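Protein chains: 2
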Amino acid sequence: MELDMDLNRSVPQLDWAPHLASRTAGMKSSAIRELLKLTQQPDIISLAGGMPAPGLFPLREIEEACRHIIRENGPQAMQYSATEGYEPLKEYLAATVHKYGVPAVPGNVLLTSGSQQALDLVGKIFIDPGDYVLTGGPTYLGAFQAWGAYGARYHTIPLDDNGMIVDQVEHAYKKVLTDSGKPPKFIYVLPNFHNPAGTTMPQERRQQLAEIATKLDLAVIEDDPYGELRYEGEDIPPICTLIPERTIYLGTFSKTMAPGLRLGWIVCPEVLMSRFVQAKQGADLHTGTFAQYVANDICQRGLLKPHIKKLRVAYKERRDTMLDALAELWPAGCNWTRPQGGLFLWARVPEPIDTKAFLNEVAIKEKVAYVPGVSFYPNQDGGHNAMRLNFSYCPPDEIVEGIRRLGVALKKALGD
Amino acid sequence: MELDMDLNRSVPQLDWAPHLASRTAGMKSSAIRELLKLTQQPDIISLAGGMPAPGLFPLREIEEACRHIIRENGPQAMQYSATEGYEPLKEYLAATVHKYGVPAVPGNVLLTSGSQQALDLVGKIFIDPGDYVLTGGPTYLGAFQAWGAYGARYHTIPLDDNGMIVDQVEHAYKKVLTDSGKPPKFIYVLPNFHNPAGTTMPQERRQQLAEIATKLDLAVIEDDPYGELRYEGEDIPPICTLIPERTIYLGTFSKTMAPGLRLGWIVCPEVLMSRFVQAKQGADLHTGTFAQYVANDICQRGLLKPHIKKLRVAYKERRDTMLDALAELWPAGCNWTRPQGGLFLWARVPEPIDTKAFLNEVAIKEKVAYVPGVSFYPNQDGGHNAMRLNFSYCPPDEIVEGIRRLGVALKKALGD
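Here the protein sequences come in this chain order: S and A. If you're matching positions, the first sequence starts at 1 in the numbering used here and goes up one per residue. If you're matching positions, the second sequence starts at 1 in the numbering used here and goes up one per residue.
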């Protein structure tokens, strides 16, 4: 039979618009993922993405794990498996989160296809069209990208150097209740090394948030992708240790092992688990069996913790390099957060500079990229003079060069 | 700090019901996945699940691919990657579907986390609450499990030995339009080796469906998980070769390589691709990078086709074994489909036997399991005297024994 090799060129084009669900109006492409395409030109120094250092993946450990698993458990590792996740890995995760004081048994753990799926499942089981959720302003953009598909609206609460200003939560809750007639469905927080702000919420503020959430009967989504990547100071127990009955805690191997495995997890009250399991069955049946076996092998052989130690040393150096370069090479009037861990810091530039326009008109031409602050405001109502800078992906010399290029361009724009 | 090791026992239980989205009312656990838990007792012969034979996974090829990939492309294979999928694998998939006459370029292909995710994304971009979709009665239950979360309603069209009776599509369309005031959003079909019915739609009927869909401006979801697993007769080009502009074609490696990798794909008009990509970004960012590299390595080295040949030989033997055992061991008054490929056949038993009750009250006690027919009717209005029997998972001797146990029990129930 005759084949038509390009259906776009030569077959009739359908008008799909009347076929689509109305929720597609709330679905947008991630600014970062679109930007990443731009910045894949090899001569651009990208401080934009949130990628781990490609040179630091535990390749030897993963290769060994693949061999072990295929030889010892091949048929099981390649087969369909439980929606909840691989039992030994659930046990490991339940046990390790105890180091943070998260009280959990395997029945509280659900493996997800990366943390992004956990956010999607949260949207699926909680958000009715028009519902408000409370988030930081700024906040992780993948969260509101996921929830846009479920018709969420957002009320944002500003951050200071200690993360979300939880003093304002009760007022925000009441404002939503007054405006929409319904309470917000949950509050979304990133207490450790916030993406994008780089801030960490101190113990007292977590306690305060727990008390407010309890008083208001507010569910808490606690996203903790970077908790293990602390470069100074002491670990602070997550909010779910304070109010486990109302917290949905999200963890991931993407930053500590490898994002290409797509492994995250939810820790939540068991009464909610059947809802998440139903949502996940419909979404993708289960998380990759082989990837779970590989991760479990690495964890059970005790290889993850030494690897994380190596990551901490390398990323601390990169963070320090970026902080030093900013202090040395950027003009007066700029300021930035000093993250205790994680992958990002948040920099503010003087008022006349709009960081979105500056990226497109200046920075890309100077071969350096960042993410404009406005991308992290679900209502696009802030961050116009701010940017997120990533320090995990580029090696130190490129970080210095990237900060230098931005510094030169900023000085020029400011007429220094 | 004091840790509470079981948050379910000893912390306050929240009433989550008022926090949940109303769509959770439409979300149900899969009957099969719940049943699979029951049948995991080692002495039960399970003809219930849809699992590939665990002894036939291409373990040596996968182990070699893991080693190659990690040594040659480790950093890329472990990193975040494009939502659309890994470009060489998209090229391979676009090229191989040409064998079926699917006209496609890489820009028409989206990698998904198994075919189940493709069904979920279809629901996300097409279904508004209350929308009708047309499906077979029976049809794949994972589809209506996915779409229940988006508020779908179902109008089913019966099947005969040649698959969906497409003569009835126009009437069904008009009935939906009259009853709900809106046309159905799409029609969902499984033309090859239907799950659960085991039927195959002949060329003329595909042509007829293409003409009706065009006349009615109806989108077609064509699910083809088993197309490569044909045991007799000639391949029939899929419906998307006839009406590529209105067909969304779903493929998967779950049956030909390994379901534990969670790799499926969508082939669709490029004008729809941005919608699917947005939906997938929010859902899980991208499909597992490592799994895609492994599958691509196996495909590009030409190892998949010989493996599929081996599968065809083994599964043909199992199908023939089951057909022979049914003819020999089951009572009069039963009948069944004779699948030309795939993993399943559909058996009907005499009227007094309700297969759901018979499973729970008789078959499980006799240590044999199947899926009751009613599980495959989205409105639970059929299949009461039918069951789905899988012949891919058990080796031939267990298939004979499972069919024998069912035959003895059926004869007893029928008073033979």
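None of these hints come from the bench; they were simulated from the model. Errors might be hidden in some of the hints.
One copy or any two copies: either way a pair holds, since identical chains are not told apart in the list.
Simulated pairs of lysine to aspartate or glutamate, EDC-like, Cα-Cα distance not exceeding 20 Å [stated by the list, open to error]:
1. K37 <-> E87
2. K37 <-> E91
3. K215 <-> D15
4. K37 <-> E84
Computed from a predicted structure; not experimentally measured.
Evaluated hints:
In this assembly of identical chains, the alpha carbons of K37 and E87 lie at most 20 Å apart only when taken from different copies (13 Å versus 38 Å within one copy). In this assembly of identical chains, K37 and E91 lie within 20 Å of each other by CA distance solely across copies; the values are 19 Å between and 38 Å within a copy. Only between protomers do K215 and D15 lie at most 20 Å apart by alpha-carbon distance; the minimum there is 14 Å, versus 50 Å within a single protomer. For the homomeric pair K37 and E84, the shortest alpha-carbon distance between copies (12 Å) is at most 20 Å, but the shortest distance inside one copy (34 Å) is not.
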